[in-house]
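*Asks:* Based on the hints, put chain W in the right spot on chain L.
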Amino acid sequence: MDVEAAKFIGAGIMFGLAAIGAGVGAGVLSSKLIESIARQPELEDQLRPTYFLGIGLVDAVPMISVGLAFYVLFVA
Amino acid sequence: MASESSGRTFQEYLAHHLQNLVYGPLPEGHERKFYAKGDTAAEKDSYCQDKGMDYDGSKYCKETLAEDGWYLANNKTDVEAMGFWALNIDTLFFSILLGSIFVFLFARAAKNFSLEKPTKLQCFIEMMIDFINGVVKGTFKAAKNTLIAPMALTIFFWVLLMNVMDLVPVDLIPYPAELLGVPYLKVVPTTDLNLTAALALSVFVLYLIFSIKSKGFIGFIKSISLHPFGPWMLPANLFIEIIDLIAKPLSLALRLYGNLYAGEMIFLLIAGMVSINLAELTLTGIGLNLAGIALSLIWAIFHILIVVLQAFIFMMLTVVYMNMAHEKFEQH
Numbered sequence: 000m001d002v003e004a005a006k007f008i009g010a011g012i013m014f015g016l017a018a019i020g021a022g023v024g025a026g027v028l029s030s031k032l033i034e035s036i037a038r039q040p041e042l043e044d045q046l047r048p049t050y051f052l053g054i055g056l057v058d059a060v061p062m063i064s065v066g067l068a069f070y071v072l073f074v075a
Numbered sequence: 000m001a002s003e004s005s006g007r008t009f010q011e012y013l014a015h016h017l018q019n020l021v022y023g024p025l026p027e028g029h030e031r032k033f034y035a036k037g038d039t040a041a042e043k044d045s046y047c048q049d050k051g052m053d054y055d056g057s058k059y060c061k062e063t064l065a066e067d068g069w070y071l072a073n074n075k076t077d078v079e080a081m082g083f084w085a086l087n088i089d090t091l092f093f094s095i096l097l098g099s100i101f102v103f104l105f106a107r108a109a110k111n112f113s114l115e116k117p118t119k120l121q122c123f124i125e126m127m128i129d130f131i132n133g134v135v136k137g138t139f140k141a142a143k144n145t146l147i148a149p150m151a152l153t154i155f156f157w158v159l160l161m162n163v164m165d166l167v168p169v170d171l172i173p174y175p176a177e178l179l180g181v182p183y184l185k186v187v188p189t190t191d192l193n194l195t196a197a198l199a200l201s202v203f204v205l206y207l208i209f210s211i212k213s214k215g216f217i218g219f220i221k222s223i224s225l226h227p228f229g230p231w232m233l234p235a236n237l238f239i240e241i242i243d244l245i246a247k248p249l250s251l252a253l254r255l256y257g258n259l260y261a262g263e264m265i266f267l268l269i270a271g272m273v274s275i276n277l278a279e280l281t282l283t284g285i286g287l288n289l290a291g292i293a294l295s296l297i298w299a300i301f302h303i304l305i306v307v308l309q310a311f312i313f314m315m316l317t318v319v320y321m322n323m324a325h326e327k328f329e330q331h
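In the order they appear, the protein sequences are chains L and W. According to numbering that gives the first Met the number 0, the stretch in the first sequence is residues 0 to 75, in order. According to numbering that gives the first Met the number 0, the stretch in the second sequence is residues 0 to 331, in order.
Hint data in this document are derived by calculation from the structure and do not stem from the laboratory. Among the hints, erroneous ones may be present.
[As the list claims (entries may be wrong)] Now the stretches of chain W that chain L is said to cover, found in silico as 3 or more residues with beta-carbon under 8 Å: (1) 69-79; (2) 173-187; (3) 245-257; (4) 305-314.
Quick reminder that beta carbons are idealized off the backbone N, C-alpha and C, glycines included.
So here's chain L without its partners, still in its complex pose (with noise of 0.2 Å):
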């Protein structure tokens, strides 16, 4: 296969699946958010510093992916 070709699938694949993977992570944690603060609104405050913790590990691994995949494509 061409090289060229075979960069820009390998990036492709990269970028959709940190977006699947990030897209279900960020939907799963911010249900959950909203479920626990619709059962229990008092608890609001101690559960956002919780889930932005949480929101900022998910977004971290499709960001690296999504960086790694520029590399790919553009610089090696």
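*Replies:* Only chain W this time, still in chain L's reference frame:
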């Protein structure tokens, strides 16, 4: 900005921005390559002649070193030839500079402390100390250690300041520096894996020290060999616990590095897209420039979240690890 003026292509522009300024020892006989300026082969040849080097026929001038010595690296082959003692000067410079700014600001606020007339700086720093204190009190419960909160504050602010350098426009510092003769410059220290790995390794060493201090050396060995499966499954326990141990610094270092590197990469892609079309004032060029400005702005605003969040997560995980290290008996 930089790409058109120095005749670089898009790929070369990106590669140029992702290269650290490295200083290190090079062996005798090592062939160095310099980027030749000029449009035609003849211009490049005369440029190389002016510098006292040979032209290699494509893009570079070349020079063979007559003796050992410490040099600034010009490309990846130079860095590879330097080996262990390749020092990333830009990372060292900016991280120490930002650390000094942090220490200087806090020291000034502490010196000018007043109960009657607090300055805005003092209020801000009191707020931050309260915030960090709250986080540490909420997370670190295993033992009493007055070292943890100051360490958390230092890590948070140092990493935050280093991350904030990412919001400085990508060519603002490297381009003038290049005109002044600095070949490469990476202004965001956290986009260098060496720095994040150093931070994570320091945290890891503290983790080991505090673990051994609180559990005793034998207790520490027991804690990594006798559970989760009990003494009859010792090799399996050891295997799992050692992976668990090594994953801590590895994930700390790679998370911070990966996030900031990816962010910087996207800023560079936007800037590269703009700079390529800066020379021609066509409708597409102007449109692309406007789109680039808008994209940069959007990404920068989104990036503020990542910048603060990653600093916070690094601090938070450090405190969590310290808490685990201080536990007398690990519970699962």
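*Asks:* Decide, hint by hint, whether the structure agrees.
*Replies:* Quick rundown of the hints versus the structure:
| no. | hint | verdict |
| --- | --- | --- |
| 1 | 69-79 | violated (count 0) |
| 2 | 173-187 | violated (count 0) |
| 3 | 245-257 | holds (count 3) |
| 4 | 305-314 | holds (count 5) |
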